[in-house]
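Enquirer: Each chain, written out:
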Amino acid sequence: MQRDDLRAVRDAMDPPWDDLRAQRVLRAARTGRASRRLVRRRMWAGGACLAAAAVVAAVFVVRMPARSTVAPAAVSSASVAPAGSVMELMDGSRLAIGPSADVQVELQAPGAVKLVQRAGEVHYDVTPNPARSFEVRAATVRVRVVGTAFGIHMDKDSVHVTVQRGRVAVDDATGTTELGAGEELKRSLKLESAALAPSEPEAASSIVAPRASAEAVASVEDLLRRADQARASGRLDEAAMLLQQILVLHPKDKRAGAVLFTLGKVERARGNPAVAAAHFRACSRGPLAEDALAEEASAWMAAGQTGNAADAARRYLQRFPDGPHVARMRRMVE
Amino acid sequence: MIVRALQAVPADDATLVERVRRGDESAFSALYERHARYLAGVLYRIMGHDAETDDILQETFVDAALQIGQLREPSQIRSWLVTIVVRRAHRALGARRRRKWFGLRVAEISPRCADPKLRQRIDELYEQLDRLSPDMRIPWVLHRIEDQGLADVAAACGVSLATAKRRIAAADERLNRRMHATG
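As you go down the protein sequences, you meet chains A and B in turn. Residue 55 in our numbering sits at position 55 of the first sequence; the count goes up by one each step and never skips. Here our numbering = 1-based position in the second sequence + 334.
To be clear, the hints were calculated from the coordinates, so they are not data collected in a lab. Just so we're clear, the structure is a prediction, and the values are computed from it rather than from any experiment. Worth double-checking, as some hints may not be accurate.
Examples of chain A residues toward chain B, derived with CB under 8 Å [claimed, not checked]:
#1 Met1
#2 Asp5
#3 Val9
#4 Trp17
#5 Ile97
#6 Gly111
#7 Pro273
#8 Ala302
Note that CB positions come from ideal geometry on N, CA and C, so glycine has one too.
Produce the entire structure from the sequences given, and follow the hints as far as they go.
Expert: Structure representation (structure tokens):
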């Protein structure tokens, strides 16, 4: 065939390609990637199990077999979680890992999950399971949970724990502190000596409770203004922190829904789509419900959680059958 | 409160690759959006039909996501993705040939083509390409239809330049002989 003929072949041989098809393939690629990673981790864990079992068997053979006190081998998958991603653990708990975060899974066993966070911001959505302990160590602070959603933000000077749902126990040099939903604790890593002297006027850690005195607390307007400035300047971490402060300090303010919506947008921009989806969901009952539901579905899709995305899309279609996002929501349900 | 849209500055391929390596999901999506359409076209013209495009393309991006740490030149990611597509297509073509040997036919989706004469030429071409081994078919398609240079074809197929030239020449000879024989 002549060159011109082949060029005509090339022009004619073009596959139909549209947004729907593109999104379908992308979703399948994300699912495939997660499946292959899980298979690799399980193979690694299986290998570790076999190795541990071999050690146990060797001990069994060497010692008297009557009553072995060797505990079942735990699965240790010391894997480093990639920053800026959502990671699902074997027990179904999820980590939304910020772009500059550093977190490592130290142990995953039926009865225990242990992680170490060394930097940045990670949000933990922990599946309830009273038979399994779940703890995160961040410098000298250890957060133990039963089933909850909480965040840890750390830098070289401090560790900041916020709880969105459920309860956590935070261990540090001063002892154990329990936090409930809407509460937070900040632990300075520089003031460790202060923690040993509780009579000192400045505490090494502070808990911000939902009801603080008006004089000590920044106003919603002030926090919103500063959050807007931070967003406009590209300081998204700061913007997120300021918006979260509004929710903690002024949970009953009538603008809470708008704050949650904005926080969702900020988290999307920070590359935390799963966290963003949770915020959009939290404001999907108020005046911003229509856009919040659509944003929730999009955020879940971006996080690779197609089931949650379809669920949010269905809720949108039920409540807003004539809404402006109907076409996009229908594609997510298909 | 005004909700402002944040403007994203388009990043180049090398920057997106680095971000994917750090686990940035949005960078992975951006790379996909940038290159998937092109790869779908290359794949379609290698395979000759659309039945397996989505599956192979999906697996290509899974491979890419898991192996992106091995990419030596992030700015050349498109060429690297073509290499992965070629590897996957090679496997699929081999499986297709084996299915044919056992009398199992794959449902094929013919290319859309308004011109009946061109459609007939395309059908004849791909009927003859189906008789070539994947080793000959793929470099020929990349060079003759995709218009890629010989060095790029060799890199995509993972062979030397001499081998790529030899296989393309052998495919040329067989296709010309068979298509002239069928008139």
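Enquirer: For every hint, state whether the structure bears it out.
Expert: Here's how the hints hold up against the structure:
no.	hint	in the structure
1	Met1	7 Å, holds
2	Asp5	7 Å, holds
3	Val9	6 Å, holds
4	Trp17	5 Å, holds
5	Ile97	7 Å, holds
6	Gly111	28 Å, violated
7	Pro273	7 Å, holds
8	Ala302	7 Å, holds
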